[in-house]
Amino acid sequence: MDRTLSGKVALVTGVGQGIGRATALRFAQDGAEVVVAARRRQPLEALAAELSRESGRRVLAMPCDIEDLDACADLVEQTVALLGRLDALVNVATHEFSRRRVADFDWSRYGESVQLNVMGTMKLCGEAAKRMAETGGGGIVNIGTLSTTSLIPKNAEYSSTKAAMVAMSKTMAREMGRDDVRVNIVTPGFTTGPSLDGLMERLGKGAGVSAREMSEKIANTSELKRHVDPEDIAEACLYLCSDRARNVTGVELHVTAGAQVR
230 MDRTLSGKVA LVTGVGQGIG RATALRFAQD GAEVVVAARR RQPLEALAAE LSRESGRRVL
290 AMPCDIEDLD ACADLVEQTV ALLGRLDALV NVATHEFSRR RVADFDWSRY GESVQLNVMG
350 TMKLCGEAAK RMAETGGGGI VNIGTLSTTS LIPKNAEYSS TKAAMVAMSK TMAREMGRDD
410 VRVNIVTPGF TTGPSLDGLM ERLGKGAGVS AREMSEKIAN TSELKRHVDP EDIAEACLYL
470 CSDRARNVTG VELHVTAGAQ VR
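Take 230 as the starting number for the sequence shown in our numbering and just add one per residue.
No wet-lab data here; the hints were simulated from the structure.
Please note: incorrect hints may appear among the correct ones.
Claimed, not checked - Straight-line alpha carbon distances no greater than 30 angstroms define the calculated DSBU-like cross-link-like pairs of lysine-lysine that follow:
id	residue 1	residue 2
1	434	454
2	383	352
3	399	359
4	383	446
To be verified - Beta-carbon label-pair distances, calculated as ranges:
id	residue 1	residue 2	range
5	434	306	44 to 50 angstroms
6	362	430	41 to 47 angstroms
7	283	236	32 to 38 angstroms
8	406	439	45 to 51 angstroms
9	399	297	23 to 29 angstroms
Computed from a predicted structure; not experimentally measured.
We put the CB at the ideal spot given by N, CA and C, even for glycine.
With the hints as constraints, model all of the structure from the sequences given.
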């Protein structure tokens with residue numbers, strides 16, 4: 230395997246199952262020393278040990294509440310203090326949202342979404358970018374959503390915060406280019422895993438069909454007629470954080486099986 234991240238240090242936030250786990254594992258397999266961050270210490274430490282066994286690389290757990298801006302700054306500082314540098318950041322952490330019309334928003338809950346999806350995420354980006362600039366550059370990837378353009382009803386709590394994150398990420402790409410810090414977005418399609426299974430169960434029940442039938446129906450709306458896997462997103466993040474993408478910044482890469490083609 231071509232280890233494009235050998236000697237590099239990567240920080241992945243929002244690591245549980247799914248995209249976060251797959252990304253942390255892929256970066257470790259590619260030779261990076263990886264720090265994983267999430268709120269709950271015990272499951273995070275167990276996951277870090279699991280990823281270390283699977284990859285044969287050191288994977289460190291650093292619990293962090295991304296809604297706490299001071300904690301975000303501390304996370305970056307602790308990573309650099311322990312490992313000497315920071316070359317890659319992937320922000321997978323996101324705030325769960327309630328399905329409400331804008332007219333029915335719980336505005337205090339919306340504030341929590343803004344705090345994590347925009348403020349916490351971009352605070353991490355800013356702190357990481359400054360550290361990367363000190364050591365010759367690096368790559369930052371934030372995870373987007375198709376709903377910023379599809380404008381799904383009762384999804385604005387999530388999509389509006391992600392749209393703000395995308396705009397700030399692209400602006401940051403312009404600001405940090407002179408320091409060779411690249412900032413990009415990876416936008417997944419419907420991604421296999423427990424969350425998608427639960428969604429298909431709910432949608433299928435509402436439509437009077439099985440979860441499998443609903444899953445197939447939605448998969449068939451994409452150009453490639455399938456869902457994507459967490460590993461597909463991990464590969465995109467790896468590419469954008471590696472030197473293979475040294476001239477790629479300010480882009481939103483859709484890994485959606487063509488669902489964005491309209």
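Outcome of the hint check:
no., hint, result
1, 434 / 454, "holds (22 angstroms)"
2, 383 / 352, "holds (27 angstroms)"
3, 399 / 359, "holds (16 angstroms)"
4, 383 / 446, "holds (21 angstroms)"
5, 434 / 306: 44 to 50 angstroms, "holds (47 angstroms)"
6, 362 / 430: 41 to 47 angstroms, "holds (46 angstroms)"
7, 283 / 236: 32 to 38 angstroms, "violated (20 angstroms)"
8, 406 / 439: 45 to 51 angstroms, "holds (49 angstroms)"
9, 399 / 297: 23 to 29 angstroms, "holds (25 angstroms)"
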